[in-house]
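Please take these sequences and the hints and turn them into a complete structure.
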Amino acid sequence: MEWRPLQRPGPAPDVLSLCGYNAAMSITSAYEAFVMAMERVERRLKQVTGALDDAAIPYAVVGGNAVAAWVATVDPAATRTTKNVDILVRRADLQQITQTLTKLGYRREDLRDLIIFVDPAEPSRRSGVRLVWAGEKVRPSYLHRTPDVDEAVRESGAFAVLDLAALVRMKLTSLRDIDRVHIADLLSVGLIDDRIRAGLPLDLQERLADIERALDAD
Numbered sequence: 002m003e004w005r006p007l008q009r010p011g012p013a014p015d016v017l018s019l020c021g022y023n024a025a026m027s028i029t030s031a032y033e034a035f036v037m038a039m040e041r042v043e044r045r046l047k048q049v050t051g052a053l054d055d056a057a058i059p060y061a062v063v064g065g066n067a068v069a070a071w072v073a074t075v076d077p078a079a080t081r082t083t084k085n086v087d088i089l090v091r092r093a094d095l096q097q098i099t100q101t102l103t104k105l106g107y108r109r110e111d112l113r114d115l116i117i118f119v120d121p122a123e124p125s126r127r128s129g130v131r132l133v134w135a136g137e138k139v140r141p142s143y144l145h146r147t148p149d150v151d152e153a154v155r156e157s158g159a160f161a162v163l164d165l166a167a168l169v170r171m172k173l174t175s176l177r178d179i180d181r182v183h184i185a186d187l188l189s190v191g192l193i194d195d196r197i198r199a200g201l202p203l204d205l206q207e208r209l210a211d212i213e214r215a216l217d218a219d
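So in my numbering, spot 189 of the sequence shown is number 190, and the numbers just go up one at a time.
Accuracy of the hints is not assured; some may be wrong.
[Claimed, not checked] Label pairs and their in silico Cβ distance ranges:
{"hint": "1", "residue 1": "T29", "residue 2": "D111", "range": "38 to 48 Å"}
{"hint": "2", "residue 1": "T103", "residue 2": "D76", "range": "32 to 42 Å"}
{"hint": "3", "residue 1": "L188", "residue 2": "S142", "range": "21 to 31 Å"}
I should point out that these hints are in silico values taken from the structure, not numbers from a laboratory.
Treat the numbers as computed from the prediction; the structure is a model and nothing was measured.
C-beta atoms are modelled at their ideal positions from N, C-alpha and C, and glycine is treated no differently.
This is how it looks when you write it as structure tokens:
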């Protein structure tokens with residue numbers, strides 16, 4: 002596993018969607034709820050990855066937290082918040098993962114398309130820990146499989162994050178609205194360089210070019 006310095010991701014404003022703002026809340030109360038929500042995400046991320054490390058279960062942080070970690074290496078102020086904790090793991094490790102997280106009080110829920118672990122401190126599926134299977138297609142229609150967990154990097158004492166090139170492949174393969182936003186974030190701080198571009202399959206190179214054209218048009 003490669004060791005590479007990463008910085009702690011910092012929040013960017015997204016108050017309404019993350020703190021459950023409603024008309025009865027003051028702006029101050031909404032902001033305080035937002036800060037608390039971000040602290041819970043960070044606590045959940047560190048708690049779960051720490052437990053996986055202690056159990057010697059290989060994993061990689063993916064999704065919004067992984068994007069934020071990489072963006073923060075260039076510009077911490079450019080990071081974007083997320084309420085989810087997405088973890089890339091091997092399906093063969095599911096039993097051990099379940100044993101590890103249930104000891105922390107997390108409740109496993111098997112949904113149609115994924116498995117999540119619900120935090121007892123915030124019992125909502127929307128803020129659960131979501132497992133992503135390594136080396137498999139997230140959806141049958143996807144042309145590319147997810148990376149393996151051995152494509153993770155970390156600095157000493159920190160959680161494992163998916164390598165930048167592999168993360169870009171995942172985001173371009175999924176290409177949901179949030180994935181386009183995350184690719185734009187990585188582009189905005191200059192993290193997607195010629196080496197990463199050259200390593201992409203042709204279809205993903207075309208998707209990246211489409212996103213760049215859209216950004217240029219704006």
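So, against the hints stated earlier in the document, which numbers end up violated here?
none
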